[in-house]
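Chemist: Each chain, written out:
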Amino acid sequence: MEKRLYSQSGDHIESTDPVTVSRYRGFTRINHWVTALSLIVLLISGLALFHPSLYFLTGLFGGGQNTRWLHPLVGILLFVSFFILFVQLWRLNLPKPEDRTWVANIGDVVTGHEERLPELGKYNAGQKGVFWAMSVLIIVLIVSGVMVWEEYFPELVSLPVRRWAMLIHSLAAVLIILTFIAHVYAAVWTRGTLRAMTRGTVTGGWAWRHHRKWLRELAGRERGGPAE
Amino acid sequence: MTMDPNLDSPRTAVSNPPIQPMKANLGPGDVVRASAMPDLPKPERELTPVAKLIDVSKCIGCKACQSACAEWNDTVPEIGFNAGVYENPHDLTPDMFTLMRFSEFDNPETGNLEWLIRKDGCMHCSDPGCLKACPAPGAIVQYSNGIVDFIHENCIGCGYCITGCPFDIPRVSKVDHKSYKCTLCSDRVAVGQGPACAKACPTQAIVFGTKNDMIEHANMRVEDLKSRGFENAGIYDPEGVGGTHVFYVLHHADQPSLYSNLPENPRISPVVQGWKGVTKTIGLAVIGAAAVGSILHGLLGRANKVSAEEEREAEHLVESNLPAGKEGS
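Chains Z and D supply the protein sequences, listed in that same order.
Quick note on numbering: the numbering used here labels position 148 of the first sequence as 148, and the sequence is numbered without any gaps.
Quick note on numbering: the numbering used here labels position 89 of the second sequence as 1089, and the sequence is numbered without any gaps.
Honestly, the hints are just simulated from the structure, not real lab data.
Misleading hints may appear alongside valid ones.
Said to hold, decoys possible - Covered by chain Z, per the in silico footprint, the following chain D stretches (three or more residues, Cβ under 8 Å):
(1) 1026–1038
(2) 1119–1131
(3) 1134–1144
(4) 1165–1179
(5) 1284–1291
Every residue gets a Cβ at the ideal spot worked out from N, C-alpha and C, and that includes glycine.
The whole structure should be built from the sequences, with the hints applied where relevant.
Modeler: So, in structure tokens, the structure goes:
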């Protein structure tokens, strides 16, 4: 069977009438939701310590002291969980020539004229952007976060470095929250996307509209099919 | 100088405390600034600013101040080990709010070996970096008499105060995860007594009173030191943090770093200002705008929907690729 260029092992046409396509296996979906949940807890607990007007959010965790110890621990969970996700997803998120065209014609995407754009593999440039932004920001956040982790690493770095780490941590946090908002927004705005992370499948029409190269490759693989 | 209980703050640490009971006069109503509470009401009264003056030239390094501090604050500093230096403990700890720091200075001008001893501890800045950095409402307060105090029931142990402090003073306890530092004996000052360290100092190298009295006293000391050949004697009351309520008389005021790295020009780091200033306000505004904007657009805008035509195209594509025999099944 030919090599996969646009799809992940495990992606396959699940049924033909109507067509549904398996996009994420169970492991990846659980992995994604653990990551998502960690990010949401981090976002709430982090914002609570970021701005006085949001300090009341510490109440969700049972007060400021609990928020203070919980935040970095969940940070480690996020880092590990995202790392496992990264290992699965990075290859198909590498840039491709069609990404340039996609970005240059972002207007057609927004106005719903994807037919004017080149056919895409499993991810479009926007999804790749979210993936790499998350990857980079999570590394920045874990490194700067450990530097200011008073409970276990009070003397890891000098005070001037610690001040920079604090500033960089908060800037990276703002950026990752913006990335998170963009990710959720895009998943909701592009109807039919959420089920890829809940049920694990998308409709054939969704795959045709947004990721036609990916669909073509999966359809092509049906021809050889598993040994009958 | 007197200990009149009608005074709003004690004028000295030397005389004995008043014998008649008195009400603590340093309460929540005297707070002029509190961490993470930008809209604090203005206090009704203004207390006379107080200050502790540490005359380094009179210090004999006896550590009575450290003992008095530990005794009054009921802390039990860990028994350490001898590393061949006089500092004991080796650094400020959550149980040791003040520390005598010893440094040897080979004065190139006189050829004398000088033993410079500085009592380190919270400087009670007029513009406190700890308070600016602290995220917990009311965990750090500044009273109108200038004392900067940690209110431990509100402290969450995050260590941001350490990041904010230009003098590297606060220490977070491993036991209760709360931050500790010199209180300027706010609990003694509130009832007409001077700080324990000043009370215990046998040479009066540490004196306490109103900031104005202390400046006057410090000027006299500087004059005296100058007459004894210390041309560069002077006051260390750094402008960069708006002046401090613990300040020094130094014989080498031109080189504060001689005294165990006392900072030359301390101020709240611009990095901390950037974090607690523009990043905090603009950052939150941008996040808020993005969240509200995407929710509104999600509700009102046109969604990106898959058409029935596209579903048919997909079916066609998949079916045309199915192996013979499976087709149409």
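Chemist: Which of the numbered hints are not met once you compare them with the structure shown?
Modeler: 2
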